[in-house]
Amino acid sequence: MKEKNIEAPLGGFALFRWLWRQLTSMRTALLLLMLLGLGSIPGSLFPQRTQNPMKVRDYLASHGSVGVWLDRLRFFDVYSSPWFSAIYLLLFISLIGCVLPRTLEHLKAIGKAPPLTPRNLDRMEGYEILSAGDLDKAQAWLRKKRFRIRRDENSISAEKGYSRETGNLLFHLSLILILVAVGVGSLFGSKGEAIVNVGERFINTPTSYDSLAFGKFQSDQSMQSFSLRVTDFSAKYDPATNAPQDYTLTVAAARPIGSSEKKVVIKVNSPLTYGNTKIYLQANGYSPVVTVRDKSGNITFHGPVTFLPQDANLTSIGAIKVPDMTPQIGFVGSFIPTYDRNSRRGAFSTFPEVLDPRLLLSVWKGNLGLDTGIPQSVYRLDTSKMTKIALKQLSLGETLNFGEGSITFDGWRSWVNLQIVDDPGKLYALTGAIFAIFGLLLSLFTRQRRIWVKRSNQVEIAGLAKNSAPGLIEELAQLKNWMEDEL
Amino acid sequence: MSSRQFAYLSNYAIYSAMFVYTVAFFSHAVEVAFSVRHAEDSTKFDFARTDKAGRIGTAMMILGQIFLTSGVLLRGLSAHRAPWGNMYEFSITGAMAFSGAYLFALIKYKLRWLGLPVSIAVLLTLGTAVAVLYRPSAPLVPALKSTWLIIHVSAAIVSGGVFLLANSIAATYLILDHIESRGERNAWAKKLPSLEYLDQLSYRLVAFVFPLWTFAVIAGAIWAESAWGRYWGWDPKETWAFITWIAYAAYLHARVTVGWRGRRAAWLCLFAGSTFLFNYVYVNIWGTGRHTYSGL
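Taken in sequence, the protein lines are chains H and A.
Using my numbering, the letters of the first sequence correspond one by one to residues 1 to 487.
Using my numbering, the letters of the second sequence correspond one by one to residues 1 to 296.
Careful: at least some of the hints might be erroneous.
[As the list claims (entries may be wrong)] PhoX-like cross-link-like pairs, simulated, lysine-lysine; straight-line CA separation at most 20 Å:
1) H:Lys160 with H:Lys388
2) A:Lys145 with H:Lys267
3) H:Lys321 with H:Lys388
4) H:Lys236 with A:Lys191
5) H:Lys144 with H:Lys160
6) A:Lys145 with H:Lys278
Derived from the structure by calculation, the hints contain no laboratory data.
Quick caveat: nothing in here was measured; it's all calculated off a predicted structure.
Whenever a hint applies, use it, and build me the whole structure from the sequences.
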């Protein structure tokens, strides 16, 4: 495995072979492993788009050209960046090139006799000249201890602990399996999120998702057919610390779509599993229910509007857009589940459950900007072409009349954020992980050692333990006792 | 008994443990500091006369371990769960794992001299936990309610304890190596084992616990799959656990295949251990991501 030839040869095949040897040397594999570790550091120091896109936006806004350059170097998408993928792929190839030949070599060595006894045993560990000794007797002892034995006329060469290499190879082959599994998952998987209000139905089609990402070789054709109707969601909080204690989501699930519904409970640590697809309960919040009427009292909007939680006590903000009124009307709102106020913070929530709710609204009229073709956040109101006409804090059932019409705070509903993940590589990764641990244990706890017995005009014994594993000297002492014992 | 009483008892047990570890620290310090020259032959040392201080030190380490373990158990009883919900609890359990790893290794190896750095480290950890990180005992947030909490966290904590022990030994190696490069060892250092012994010992500890650390990471991945919808998401904690894993893998390879020994191996061991500590301190306190719970 050592490659001393540093000079690169010219010419097609020779160059390729040289590159291959360099890449698959143990040194390169180790270097790439270190590089993978080093390369993953920036991803833990800078915000990542896959984890927190808002933070990335804030970072870019506040760091000017530094941020732009970091973005060009893909420091905000480290784990999908070309340079990280390059390290990953090179390591993968290097591992294969390193481990496969060794595996073949190891397989070929099955049942083969250990190498010849070296000429000078006195350089080995535990070298001793015995007072008496019979080679057959030594062989019997070594056989009983399950050594592999090469018997020559005047010497025995014995070796034990081949499973060290077996474990070593098993471990590295398992790592390759894990890398394959990660690849399968990202190429053939999909991952999406959807916010669903209690009482609503989620149908597993691409349009039902708020965000959905497919692997390169995956499309909406492969989505499982199922629907979930959210029948109940309950959240329990510790009255003393406000910390959440339990979330329980109950759904009526139909698989395939249109079949009879079954009641299923989903919790944070127990997702709903349909084959490779799993449905997780990821987050929750409140949707205030409002009714908007125009001047003549006709209902122009009615229903729950999803608001996004801003703190641990679920103070939530959102936007209500009513394009079907002239002029168009928009509301910027904040929903406070348990109301309190002070002079420093203004209105805020003191508990995450709805005990004393308020809806704070500012009313805007003008152009909502929905027909510009630029996608808009449903949680934000673009007020650039609007003017503020009213501001009010509503208790439950209260109505605000803002001249162009009125809005009534009817109630609220809980919403849940479902994360729906399809990862066909998962099982391979788990299998790889289990075998990796077995391989590791086998290779780290197997003592590999050789013992030699040689007869000339005297009898000598000696041994050699790989990686100076302990216990060899004791073993040789036992052998010595056995051989010198007259019986 | 009520939850609150258990929590109080737990606090008292921790305070008692701190007191006992202080005594252990002074006993070990006495043993190290007062090496008595031999009455007849002044070139030799009479270690028998400070041996008693060392034995008191070990007895105190065991007593401290008992108090500390009771403190951790009572904390768990008070909250009706494994006591691994916030950083105060991680710290007291981590200190327990570290001094436990020391006592466990003491059964097989001549390691009493390590009692001094171990007792200091445990005292500092407990001190920080009590003074800075203390949180009242409370139930777990829903994401932590899983059997994997016990499996994943205990594997990680035990690995951490042994990694830190290997680190202390590697550090001792480097200090003694520095002393020996200037000449003979000082009086106090003569009691410590040979460089070769220390070198082998820190390797054995790492080789022993590396599979457990691998298991801790895998158990975390399995849990993450059921709680967060993916087995690996490059969350800062996961990333650094992976970096620690790579660093120790490199250390093992450097020793087994490349044949690194002594100074270089010790530095690599220290580096790998520091990635573990960095993960604990940085990611829990300043980091973001899904491993930050309940304030701290």
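Verification of the hints:
1. Taken as a hint, the H:Lys160 and H:Lys388 pair is broken in the structure, with Cα atoms around 85 Å apart against an allowance of 20 Å.
2. Distance hint between A:Lys145 and H:Lys267 is fulfilled; the C-alpha atoms sit about 10 Å from each other, no more than 20 Å.
3. The straight-line distance between the Cα atoms of H:Lys321 and H:Lys388 is roughly 14 Å, inside the 20 Å bound, and the hint therefore holds.
4. For the given pair, H:Lys236 sits about 59 Å from A:Lys191 by alpha-carbon distance, which is inconsistent with the 20 Å threshold.
5. Using a Cα cut-off of 20 Å, the hinted pair H:Lys144 and H:Lys160 holds, with the two alpha carbons roughly 12 Å apart.
6. For the given pair, A:Lys145 sits about 19 Å from H:Lys278 by alpha-carbon distance, which is consistent with the 20 Å threshold.
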